[in-house]
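Let the sequences and hints guide you as you build the complete structure.
Single-letter residue listing:
Protein chains: 2
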Amino acid sequence: MHQIILNLDKRSQIMERLFRYEKVATKIEDIIVRNHLKPGDKIPSLRDVVKELGVSLATVVQAYIILETKGIVIPKPKSGYFVNSSPHNKLQPLVPLIVSQVPATIEVNTIVTEMLKNIRKYAKIDFATMAPPPELMPITKINKAMINASKETSNGNYEYPYLEGHPRLLKQIALHTIGWNKSISQDDVLITNGCIEAISLCLSAVTKAGDIVAIECPTYPGILQCLESKGLRAFKIGIDPETGLNLDELEAGLNTNRIAACVFSPSLHNPVGCSMPEENKIHLVKMLGERNIPLIEDDALGEIYFGTNRPLPAKAYDEYDNVLYCSSFSKTLTPGFRIGWVIGGKRHADIERLKFSTNVSTNTVLQDTIGRYLESGDYHNHLKKLRAVVKVHVTKYRNAISNYFPPDTKISLPKGGYSLWIELPNGISALELQNLALRTGVAFSPGQVSSTSTNFYQYIRINCSLMYNNKIDHALHVLGELVYTQLKRSGTALA
Amino acid sequence: MHQIILNLDKRSQIMERLFRYEKVATKIEDIIVRNHLKPGDKIPSLRDVVKELGVSLATVVQAYIILETKGIVIPKPKSGYFVNSSPHNKLQPLVPLIVSQVPATIEVNTIVTEMLKNIRKYAKIDFATMAPPPELMPITKINKAMINASKETSNGNYEYPYLEGHPRLLKQIALHTIGWNKSISQDDVLITNGCIEAISLCLSAVTKAGDIVAIECPTYPGILQCLESKGLRAFKIGIDPETGLNLDELEAGLNTNRIAACVFSPSLHNPVGCSMPEENKIHLVKMLGERNIPLIEDDALGEIYFGTNRPLPAKAYDEYDNVLYCSSFSKTLTPGFRIGWVIGGKRHADIERLKFSTNVSTNTVLQDTIGRYLESGDYHNHLKKLRAVVKVHVTKYRNAISNYFPPDTKISLPKGGYSLWIELPNGISALELQNLALRTGVAFSPGQVSSTSTNFYQYIRINCSLMYNNKIDHALHVLGELVYTQLKRSGTALA
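From first to last, the protein sequence lines stand for chains U and L.
Under the working numbering, the residue at position 356 of the first sequence is numbered 356, and the numbers go up by one with no gaps.
Under the working numbering, the residue at position 250 of the second sequence is numbered 250, and the numbers go up by one with no gaps.
Watch out, some of these pointers could steer you wrong.
No distinction is drawn between identical chains; accordingly, a pair holds when it is met within one copy or between any pair of copies.
[As the list claims (entries may be wrong)] Below, computed lysine-lysine pairings styled on BS3-like, alpha-carbon distance capped at 30 angstroms:
| # | residue 1 | residue 2 |
| --- | --- | --- |
| 1 | 51 | 385 |
| 2 | 171 | 151 |
| 3 | 76 | 151 |
| 4 | 121 | 346 |
| 5 | 144 | 171 |
| 6 | 121 | 182 |
| 7 | 151 | 124 |
| 8 | 117 | 151 |
| 9 | 117 | 182 |
| 10 | 151 | 471 |
| 11 | 151 | 141 |
| 12 | 171 | 51 |
| 13 | 121 | 171 |
| 14 | 121 | 151 |
| 15 | 396 | 346 |
| 16 | 171 | 117 |
These are computed hints drawn from the structure, not numbers from a lab.
Keep in mind the model is a prediction, meaning the values are calculated, not measured.
Structure below.
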């Protein structure tokens, strides 16, 4: 008992210290901005900063490390710190979403499908698809597991599959929820064809055509497609690039509209990369639980965190049995296998019936394959490596964009995941830029597919799913040039 | 030109002759019935029959062969023909469907899901699941193809999959439609997770909740589940055990109701095993094409025919681009892989968008696996063997049921597929029988899941998906005894 109190105390001390470093880092950013320092410029020495801000040398050193991680400063041996990317380019709070607080029908399916087809046809460099970098997929080990699965002496993998899923995989998925401090057993899990099928089944279980569903704005395009296909209307809730879902907006929405369900991604949001603080998740679960409005939680990116701990899903705080948890192995192992799952709580049986009437169940052999791979114990190390590499590459992408794009471009600072969410300067249409870029063989997602709000028509999502190299650097350079060109044209048009 | 006329002429001569043999066979059945001959009794000699019916010896020989195929007579070396099963037990025309010509909502999902779970839990002998006999699945060859697919040097099978499907598989599926005399290319095909997903997507593409959909009565339970999940209402059309869908009933239904779509299985219907004659298929396609009412064709069993030629699907006669063709490899190779497809014609793009928003696309590696297996050329011989073996086993099942069940049991005489559709004597509840049977470890499908019409509550479906042996024989015997017991009880109850 004493031990726990001591630990908690120690933790809060660390948090306090981190918070102090962050504040100093922000002040150093201000110095850079105030002095109009540009990439390549030397920034004030540690000693000068200590004097100006009246803090300890150790604190300033820690603040510089934070700025380095953010890609804002870069150290040069024996010369001190230099500006790497302008802090102008850090993400400003997203524009407030006063646009359309009216439930809206959605029309993105055609544009998304066409986009995907064009990408497959024309793109040489694909920043639109989000997946683990192919080099980091543990293919040899998965293949080994697949060959073992195929050798299964009983014919179980070839006959009609298990309804809920292969017991081997169900067990492993249940084991992975141990940190939630919630008793999830393999009977609570249902295997689906990817995370979006899980979300789609949940929506079918708790809504009917015409219903209003609250979603984040922007959001993952698959959710918009899903809503459109089911004839559901969207009620958009804004998000803060730091703390995610705006709970006040949600509460106001719930009070004025008959919301049938919510689909949110509280951890490592796609495309923004933000996570809701623990207390916000608790508040969210309570707000919806008390109103008995189901929360469909998309946690597809939950494992790809850049911090020290996995952000706990809202489901971990779900005392109301009201959260329908959806995830998949598409962002951690291989999207090609299409293996996801749902933990539906009291709606488990309804979801299962819907799954059964949609496609009976998910193929068994690939479930067995992933189950065997997870049993091997490699997953933990694989994720550790994946997270570390992705973090480095996302920073490299961010720096390159910051260098190649116009100065008033704003870039998200993700807490995890693969995407950068970028606000282009005024006057740029993301859709137009996409068409120009595809001609040069470069693909990305325009804001139009992540939101139906016109507020995001000058936003783009760049996925860092390809390992950073000269080709990627060149492609980002080309993209930046296209933005400059478009900007000039739009300037001419305005003049 | 002359050649064609000659061929047609020759064909009609053959048809005429077959028709004559069939008539003589029916007359011999009459002799058996009139003389109260029982299984094991010797039947009149060829010579006696020739005399009595005044036909040639060759004709009588052919008629005996027909009766043998039907399982009614059995030859014993040097002793002539003996009664095998009583012709009493041949399928009588199904009861006319005057029950409910009103569009009805459906509630089968709960009962079907519970049934499936109970089967997995209690059944030692499973006559409820329809699939190729495990011994006949070409598992070694499929495994070889899977290992080759896993060795694919590019990461294509692990990255985000092709939207429409793996080109290798699409090409092979398109090649298999050559006999249709219709130009189907790989661009016309979309891969799905099994046939039922194909049907489900087609329904989503052409209907909305509340719409009326015409279906066969009885039908494949998956179609009922699908309609229920989508909130669609069913308009039931009766079928003739010989010629399938009742076109007059359909026409009357179309004239009096606003039917949004039809889901029919014109070839080797599940559970009855009937096929529509060519001219009926042509008529059906015309009737729906002219009214612009989409025909969703379930051809899952099309390859499992017992005759000499594959029954052509309605799609082959589709001059209106109005047939949405659905099939899968679940009944020919392995249901566990969940690989099916749809040829949606002018609705292809709509179906594709829906597929994308449901689960993006089907996993690539198993598509590649089946594609490679098909390329190997083994499929043709596999199907040939499968058809021959299944035909023999279905006859064995039929004979056993005919022997073990009460005399007024009526059994379908399928033209293909795996199922026998059985009308139990009056007073028997299929659902009650199912519960009793499950306690002895034997599972089958009660009529309640194949139709919402009370007319079929004393029907059961027995799938012959397990190779006939002593255990199967014993299980059918046990089932027969249970029917007798239930019959006695119901007699007592009535008395």
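Next on the checklist: To test your reading of the hints: which numbers does this structure violate?
Outcome noted: Going through the list in order, the structure violates hints 1, 3, 12, 15 and respects the others.
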